[in-house]
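Keeping the supplied structure of chain A fixed, place chain B upon it in accordance with the hints.
Heads up: the sequence lines are chains A and B, in that order. The opening position of the first sequence corresponds to residue 1 in my numbering, with each subsequent residue numbered one higher. The opening position of the second sequence corresponds to residue 362 in my numbering, with each subsequent residue numbered one higher.
Just so you know, the hints here were simulated from the structure itself, not pulled from any lab data. Think of the CB as a built atom: it goes at the ideal place given N, C-alpha and C, for glycine as much as any other residue. Hints may be right or wrong, so weigh each one.
Only pairs whose alpha carbons sit at most 25 angstroms apart, straight line, appear in this in silico SDA-like list of lysine to any residue [what the hints assert, rightly or not]:
| id | chain 1 | residue 1 | chain 2 | residue 2 |
| --- | --- | --- | --- | --- |
| 1 | B | K573 | B | K690 |
| 2 | B | K498 | B | P545 |
| 3 | B | K594 | A | I163 |
| 4 | B | K626 | A | K355 |
| 5 | A | K165 | B | V638 |
| 6 | B | K364 | A | R303 |
| 7 | B | K455 | A | I257 |
| 8 | B | K626 | B | D559 |
| 9 | A | K245 | B | Q472 |
| 10 | A | K165 | B | K498 |
| 11 | A | K328 | A | N127 |
If you want the ones that stay clear, here's a sample from chain B, every Cβ over 10 angstroms from chain A, calculated [unchecked claim]:
| id | residue |
| --- | --- |
| 12 | V368 |
| 13 | L376 |
| 14 | S430 |
| 15 | Q463 |
| 16 | D473 |
| 17 | I474 |
| 18 | R534 |
| 19 | G560 |
| 20 | G634 |
| 21 | Q662 |
| 22 | E686 |
| 23 | R703 |
| 24 | K729 |
These stretches of chain A come out as covered by chain B in the derived footprint (C-beta under 8 angstroms, 3 or more residues) [claimed, not checked]:
| id | region |
| --- | --- |
| 25 | 168-178 |
| 26 | 249-259 |
| 27 | 291-305 |
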Amino acid sequence: MSKDKNKITSKQLATLIISSQIGVGILTLPPVLAEKTGHDGWIAVLLSGIASLPVVVIIVILARRYKDKSLVKINYCLYGTYLGHILNFVFIIYLSAVTSLILRIFVEVIKINVLRVTPGEVITLFNFLPAIYMARYGFKAIARFANEVYLIVPIVLLYFFSITKEMRLTYLMPIGDAGIVPIMKGIFVALPMFLGIELIPLMYSKVKDNSKTLKYVILGHTYSTLFFTIVVAVSTLVYGETLLKIISFPLFLVFRIYKSTLFERVDLFFNAIWLPAMGTTSLVYYYSGFYSIKEMFQVKKERWPFVIYTAAIMLASRVPEDYAHTQKLLGLLGYLGMGMFVFLIFSTIFSFINKRGVAGK
Amino acid sequence: MSKLKMVCRAAFISLSALFLTGCWDQRIFEEVGFTLQMGIEKSEDGELTITRVAPVLVDQIGRNVEFISDNGGSVRDTAEKANRISPRTIEGGKVQQVLFSQSLASEGGLQDILENFERDAVANVLAYVVVVEGSPKELIEASLEFKDKPRTSIYLSHLLDKNVKGSYAPETRIYRYNIDGFSPGIDPITPLIKLEKDGIRITGAALFSGGKMVGKIDTQQTVLMIAMKNEMKEARYQFGRINNTEKESKFKTQLSVTLSRGKRKIDISIKDGKPTVNIQIKFAATLDEDKWACVGETGDQKEEEEKLEEELSKLLTKDCKEVIEYAQKVGSDPIGIGNLFRAKHRDYWKNSNWEEDYRYANIKVEAKLDITQYGVIK
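Bound conformation, chain A alone (with noise of 0.2 angstroms):
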C-alpha cells in the first residue's frame, strides 16, 4: 500500500461528504417531513440546508486551524490527553455504529426489494465486501468511487424529468400552510440529513490543495441541499402529503410508475443504481472510524485491527431487531451527530482560547 494512499484533494474531500450524505437518509425523510410539515417539507429541507451552511464554514474554519492534524489530534491539543481520550473514543463509536446501522439499512432495502428470502447476514457480507476491498487503499480511492454520485443523482433528476405529468403542482399549495413552528420542527428533522460535515476535521490534514477547501464543501453542501430539496418536492407532488405520510420508501416508489415500452419494471434499474450510493455511505463512514482508530490508537500494522473493526461492524449490525427499530436507532444518533456539530462549534471557539497545537502558532 502506497503512504499516501489518504491524501485527496479539496475536490475529492467534498465528494466524500456528498456520498456520505446522500444515500440512505433520503429514503425516508419525505414521509417523515409530510408528517411534521405536510406539503411544506421541501421548504424545511431547503432551509435546513441553508441553515446548516455555517456550521459548514465553522467546521471548515476549525479544520483549517490545525490544518496538519486530524481531528482525532485536534481533540488531544484542545482537550488534553485524558479528556481528548474519552472524546476520540466517543467519536469512533458514533462512526462504527453509524457505519453499523446504514450497513443494516442497506441489507434491508435489498431484502425488501429484491432479495426477500435470502437471510440477511448473507447479504451482510457480500454487499460489505466491497468497502471491505476498497477502505483498504484508503480515502483517495474511495473518493473516487464516490465519483458515482455525480452520476446517480443525474439519472435521478432525469427521471424526474420524465414524470412530470404524473406530478400536481396543486399538491403543494398553498406554499407556506404548514406555519412557522412546523417548518421550524422539519428543519430540525432535516438536519441529520447534512450529517457527513463532521467528517471534514478527519479529513482535512489529508488534502492536498486546502486553500480550496471551504469552496468545494460550500458547492458539495448545495448539491446536497438541492438534491434533497427536489427529492421531497417531487415526492409530494406525485403522491400529495396525505399518501406521503404513509409511505416508507417514496423514492423507490416513484420510480414504479413510469410507464416505459423499453423497460417493464424501470424501478429494479434504480435498485442497481442506488445501492452503490447507499453502499458508498457506509463505506465512508466505516473508513472514517477505521482511520479515526488508527490515529488513535498509533496502529503500525493494520491487517489484524482491521479484521477485528470489520467484523465487529459487521456483527453490530445485525443487532437491531428488524428495519423499524434500525431507523429507530439510527434516529436516535442524529441527535448525537447533532450533538457533533455543537461540539465541534465549540471546539472552534475554544481554540481561540486554548490555542495549543493551532497551526503557525
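Frame of chain A, contents of chain B only:
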C-alpha cells in the same frame, strides 16, 4: 506474489462462481405462474372471489393459460390457496389488469384490496384498475373461449391501451387509483367494461366517491370527462345529426370529428359563499364524416365553416355540461375541482364540507371547437 498464492486465489475466485449463485431467491421460470389478470368480486358467503389467469408457457396442454378461482379474505389468502392447486408458484409481479365487479366497486373497499400491490415491492402498480359490469370471473372464463381473439390478458391489455389512447376510457392504473383515492378533493375514475357474446366491450368509465362506485358514464361522455381533466390526447366524437331536412336520409345519422389538442383552462372562485367554477376547453378537430353539400345556401365556405363550428361548440358545451351535472349529482369529482379549492381557497376549504358543496357548486363549462381540417370534400 508467490505462485502458490496466485493459484490459491485463482481457485478461490473460480469456486466462488459455483457457490455464490444465490439460491435462496432463485426463481425457475418454468416453476413460476405469473398472474397476468386478476378478477375480484364478492362471493356469496361475503368473502372475496379472486380469479387468476397465468400463462402456461412450457407444458403441452390443451389450454395456454391456467385459470384459478378461489374464495378468501384477501389477495394473499387466495394466492396461497391458488398455490395449493397450481403446480407452479403463483406470483403477482406481472399483473396487467385488476378487474373488479361493479357490485363490489359499489360497496367500496377497492383501495384496501389494492394496498397489497403497493406494499409488495415485487407487485406491479402499473396494472389497470377496471370495473366490470357483471362478474369478472365469468368475463375471464368466457374470454378464454373466444376463438378470434388473442389470449385473454393480451386481448384486454390491447383493448384498454387502444381505448385509453382514444380517450374512450381513463388511464387508471393501481398507483393512480390510490393517489386519487387518498387526495382530498379528487375522486378516482376507472374504465368500465362488459362481456358481450363475441368479445369484451369498453362501455365507458366508472365514477367513484368516498371509495365507492357511485355512477357510470358512456364512452362519449368519458371523452369529455377526460378532456375536462385536461388529459385528452385524441378522440373520435360523434354528434347527433343537426339541421335534418326533408330531403335528407330518414334514418338517424351522425357527424363525426376527431378531437385533438383539448386544452383546458379552469378558474375557480367563491361568490356569495358558493364555489364557482368556470371550465373552458378548446378543441382542435378534423371533420371525418358529415353529409354532402356542407356548404349551404350562401355558398360562402368560410361562413358555413364558422357556422358549423359554432353549432358544434354549442353541442359540445351542452354535452360537457350534462357530464359535469351528472358527476355533481352522484357526488364524484374526477376533475379534482375540490383539490383546486383546497390549494387556492384554504380558508373556504377548512370551513366547508366539500362533498356536500360540490353537488351545489356553480360549474360553468364552455367548449370551443376549431375545425382545422375538412378532408377533400367541401
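Here is what the structure says about each hint:
no., hint, in the structure
1, B:K573 - B:K690, "holds, 15 angstroms"
2, B:K498 - B:P545, "violated, 33 angstroms"
3, B:K594 - A:I163, "holds, 17 angstroms"
4, B:K626 - A:K355, "violated, 67 angstroms"
5, A:K165 - B:V638, "holds, 23 angstroms"
6, B:K364 - A:R303, "holds, 22 angstroms"
7, B:K455 - A:I257, "holds, 14 angstroms"
8, B:K626 - B:D559, "violated, 41 angstroms"
9, A:K245 - B:Q472, "holds, 16 angstroms"
10, A:K165 - B:K498, "violated, 34 angstroms"
11, A:K328 - A:N127, "holds, 22 angstroms"
12, V368, "holds, 21 angstroms"
13, L376, "holds, 15 angstroms"
14, S430, "holds, 26 angstroms"
15, Q463, "holds, 26 angstroms"
16, D473, "holds, 13 angstroms"
17, I474, "holds, 16 angstroms"
18, R534, "violated, 8 angstroms"
19, G560, "holds, 25 angstroms"
20, G634, "holds, 20 angstroms"
21, Q662, "holds, 38 angstroms"
22, E686, "holds, 24 angstroms"
23, R703, "violated, 7 angstroms"
24, K729, "holds, 24 angstroms"
25, 168-178, "holds (count 6)"
26, 249-259, "holds (count 5)"
27, 291-305, "violated (count 0)"
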